[in-house]
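Model the full structure from these sequences, guided by the hints.
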Amino acid sequence: MGDFRPWPPQLRPGRALAHTHGASGSGSPHRSDSRPPQTPRGGRRSDLIGRLGTTPPVPGRPTSFLLLLGLPALLFALITWQVVSGGLLLRVDRWASSALAHPDRFSELLADLGNIGVAVPVLAVVLAYVARRAHAAGAYRWWLPPLAAALLMALVPALVVPLKELIDRPGTPVEPPGTGYYPSGHTATAAVAYGSATLLLLPWLRSVPARRALLSACAVVNLAVGFGLVRRGYHWPLDVVASWCLGTVLIASLWIFLVRAGLTGGRRECSESE
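Okay, so the sequence shown: first residue is 1 according to the working numbering, each after it adds one.
It should be emphasised that the hints constitute simulated quantities derived from the structure, not laboratory data.
By construction, the Cβ of each residue, glycine as well, lies at the ideal position given by its N, Cα and C atoms.
Treat the hints with care, as some may be off.
Unchecked claim - Cβ-Cβ distance ranges computed for the label pairs, FRET-style: (1) Leu71 with Arg105: 32 to 38 Å; (2) Arg260 with Arg91: 41 to 47 Å; (3) Pro173 with Ala261: 44 to 50 Å; (4) Ala213 with Arg91: 37 to 43 Å.
Right, here's the structure in full:
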């Protein structure tokens, strides 16, 4: 068993000394008295998520969190600034739209995957399934992940609608005259709905191939929604990219919340709580 005392291990009574006290390496045959132990057993507490200040720090996790939140947020701010100010990115945006826009029935069907009437029911089914599995397994706070995902989904229109009204961007030439196209609500809805569903399902999948297949399916569906919106002419490409950035920030926030709450272990958490 480890020693949880914060001071160096002391000599036990009657233990033979390998060196004379005060000499180099004295007092203990294993460690010099002149320097403190580097990593006493039990002197550090494991940290699942690598919070800043962990001793020693777990590499990668805080940086990953910052990248998942910071880079998409920065890119979203950059795109928004370009759209509002009529920057150089709008030239590329118009060129890409003219090259990709070609309305057809297939692109319309792809875009419909981002409808609230399609994406939200899919999320609701997944939330009900995950809640039932977790409750039946006796998982700790089984209701919190589905509730957090549902609240995140409700947050999407609260963020997107004011941005549409504030930025007031006109639509593509394919669409009737109007404004309020930035950012794309369909893209944000699909990103958060399918992303949250994937995030909550992952811990319950047993095999690595199944998890990879689920992640790939989520990425393909979101790419299909974005392509369909641009191909059909419903949105400019930058409308879609900006919503992907916004969705990434929201999904990353949900993931960080679940990790910090210790609610991402799926079946492992259930077995540990029993």
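Checked hints:
1. A C-beta distance of roughly 36 Å is found between Leu71 and Arg105, which places it inside the suggested range of 32 to 38 Å.
2. Between Arg260 and Arg91 the Cβ separation comes to about 42 Å, which falls inside the hinted range of 41 to 47 Å.
3. Between Pro173 and Ala261 the beta carbons are some 47 Å apart, a value that agrees with the proposed interval 44 to 50 Å.
4. Distance hint for Ala213 and Arg91: a CB-CB separation of about 39 Å, consistent with the stated range 37 to 43 Å.
Checked against the numbered hints given earlier, this structure breaks none of them.
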